[in-house]
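Take the sequences, apply the hints, and build the full model.
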Amino acid sequence: MLSVEGLRSKYGRIEVLHGVDLEVKSGEIVSVIGANGAGKTTLLRCLSGVQPASGGSLMFRGDDISKLPAHRRVGLGLAQSPEGRQIFTNLSVEENLRLGAYLFADARVDKDMADAFAMFPVLKEKRNLSAGGLSGGQQQMLAIARALMARPTCVLLDEPSMGLAPILVDQILEVVKSLKSLDVTVLLVEQNAFAALSIADRGYVMETGRITMSGPAAELIADPRIREAYLGI
Amino acid sequence: MKNLSPKTITLLALVALVLVAPLFFPSSFYYRVGTLMFINGLAVTGLVILIGYAGQISLGHAGFCGIGAYACALAPVHLGLPPVVAMLLGALISGVLAYLVGRPILRLKGHYLAVATLGFGILIFMVLSNESWLTGGPDGMQVEDLGLRDLLKSLGLSVPAAQVWYWFSGLVLLLGALLALNLHTSSTGRALRALHDSEIAARTVGVDVAYFKLMAFVISAVYASVSGSLLAMMNKFVTPDIAGFLHSVQMVTMTVLGGAGSVFGAITGASILTALPQALTVFHDYEHIVLGLIMMLVMIFLREGLVPSLIKRFSRRQG
Chain A
1 MLSVEGLRSK YGRIEVLHGV DLEVKSGEIV SVIGANGAGK TTLLRCLSGV
51 QPASGGSLMF RGDDISKLPA HRRVGLGLAQ SPEGRQIFTN LSVEENLRLG
101 AYLFADARVD KDMADAFAMF PVLKEKRNLS AGGLSGGQQQ MLAIARALMA
151 RPTCVLLDEP SMGLAPILVD QILEVVKSLK SLDVTVLLVE QNAFAALSIA
201 DRGYVMETGR ITMSGPAAEL IADPRIREAY LGI
Chain C
1001 MKNLSPKTIT LLALVALVLV APLFFPSSFY YRVGTLMFIN GLAVTGLVIL
1051 IGYAGQISLG HAGFCGIGAY ACALAPVHLG LPPVVAMLLG ALISGVLAYL
1101 VGRPILRLKG HYLAVATLGF GILIFMVLSN ESWLTGGPDG MQVEDLGLRD
1151 LLKSLGLSVP AAQVWYWFSG LVLLLGALLA LNLHTSSTGR ALRALHDSEI
1201 AARTVGVDVA YFKLMAFVIS AVYASVSGSL LAMMNKFVTP DIAGFLHSVQ
1251 MVTMTVLGGA GSVFGAITGA SILTALPQAL TVFHDYEHIV LGLIMMLVMI
1301 FLREGLVPSL IKRFSRRQG
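Protein sequence lines correspond, in order, to chains A and C. So in the numbering used here, spot 58 of the first sequence is number 58, and the numbers just go up one at a time. So in the numbering used here, spot 249 of the second sequence is number 1249, and the numbers just go up one at a time.
In case anyone wonders, no lab produced these hints; they're calculated from the structure. Worth double-checking, as some hints may not be accurate.
Said to hold, decoys possible - Okay, derived cross-link-like pairs now, DSSO-like style, lysine-lysine, Cα gap no bigger than 27 Å in a straight line: (1) 10/A x 1109/C; (2) 177/A x 111/A; (3) 1109/C x 124/A; (4) 124/A x 1312/C; (5) 1007/C x 126/A; (6) 126/A x 177/A; (7) 1109/C x 67/A; (8) 126/A x 1109/C; (9) 67/A x 10/A.
Right, here's the structure in full:
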């Protein structure tokens, strides 16, 4: 589905990704874990096209997307829920969702919106309120629902658990897990390593702009080095 | 009332205002002030699209007013075009120029964008005041009237010029407001407001941010151009000051005072700041100071502008 080879990216002159290789197969949930500053968010930004890559190749469903601008990648079925949620705070909840389906103007938009409301009933209650008034957890739900409105085959989720109460983290992760049944492939980036690996099929560990370990999520959870460095056990 | 959308309410309020206001006009001077309000309101409605919807600032929109105004001054004389066609020509030139200038400029953000647009405005002003062989320089030049009054006369209607202008500019303002309000709820408007909130998120949902910024810039330039044309034709005279920095700042102040995100608010802002100098002629020498003071007070106490802040306060009290 998504294959990344030797991806490099810079902020100004400083290179932060030094050749990242990564593969996401259709139907998988893949988690990238790593400490703050490891380059996880930059990786996702490169994938969605918000941040330019300075080297390497990006293939999505057989197409080279490395030269496509961000708004074109969405149309191919690669949607992102960006870091810090980035919902449109001055727009209503419903308008946020409609923007998620910005590229479409057909009857399915309303159906998808009904599905989103079924997934997150609290959003339905607040559909006409401004999204800035939502709580952190609700904003995260909205960010995920908005990404799903783009009819993605693959979603990129950046730190969906960030700043949320533990009970909300579980709730959000349940939703991420359930995306599998909707045939949506997930690439998840998380600092919350245990939570991210517990719902994933495979995982990658990122350190200072490189992938240092990878493997099935269950193996990574069991790995003593990871247990020590990221799980605090 | 509950079933009416905010859009319909705004439009009805504007129509009512245009229709009812003349009942209270004691003299034709008030028709003139009303016309000025509508013309300024039109330019400001364009800025609502740029500033309020898309969140981009421009301190050079008077430049487009200048282009519209001088198109009406020059085209009838040199090209023999009727004034209405000259106005459309001006709008076309402004739109194309906004497109060309906007492409590089709109990559900038915040104060960089403000300074770049400021430079553009000054450029237009300089050209208009220095090319005196064509524009008459700082002394300005005569502008042909729109000819509406003559048209009405030939139909057997004798309407005073001030009233003709009042109704005509009111109509143009209503059209402009209708377009802007329709844009607000359209998917284009949603895209503009989305990029205002978060450019990154807008890109991740598939909005071509650069294109929509440019579109807002071009649309607002056309609004400014038409308003400049109307102003020149009403005054039958134009000087380069119409493209000057002060005029740009006035327009932004009007937009922000009333509420950049709301068409009705911005038109209210335009009306207040048009009427104020007429009412406070004693302040004439201090007009800039008063403008600056108003801007500061609004920024401190009513960040969202007069109308949206008051609506919010009112509905909170009710709810």
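Original post:
Does the structure keep residue 124/A and residue 1312/C at a Cα separation of 27 Å or less?
Top reply: Given pair residue 124/A, residue 1312/C holds - Cα atoms ~23 Å apart, limit 27 Å.
**OP:** Decide if the proposed pair is consistent with the structure: residue 126/A and residue 177/A, CA atoms, cutoff 27 Å inclusive.
**Re:** Holds - the C-alpha atoms of residue 177/A and residue 126/A are around 24 Å apart, at most 27 Å.
Original post:
Has the given pair, residue 126/A with residue 1109/C, been kept, meaning a C-alpha gap of at most 27 Å?
Top reply: violated (32 Å)
Original post:
Hey, residue 1109/C versus residue 124/A, does the alpha-carbon distance stay inside 27 Å?
Top reply: Cα-Cα ~35 Å, so violated.
**OP:** Below or equal to 27 Å on CA atoms is what counts here, so check residue 67/A against residue 10/A.
**Re:** Holds, because 16 Å separates the two Cα atoms, which is no more than 27 Å.
**OP:** Assess, step by step, whether the Cα of residue 1007/C is no farther than 27 Å from the Cα of residue 126/A, and give holds or violated.
**Re:** holds (21 Å)
Original post:
Are residue 177/A and residue 111/A close enough, with their CA atoms no more than 27 Å apart?
Top reply: holds (21 Å)
Original post:
Does the structure keep residue 10/A and residue 1109/C at a Cα separation of 27 Å or less?
Top reply: holds (21 Å)
Subject >> Pairwise hint evaluation, residue 67/A against residue 1109/C, where the allowed Cα distance is 27 Å at most >> reply: holds (24 Å)
Checked against the numbered hints given earlier, the structure breaks hints 3 and 8 and satisfies all the rest.
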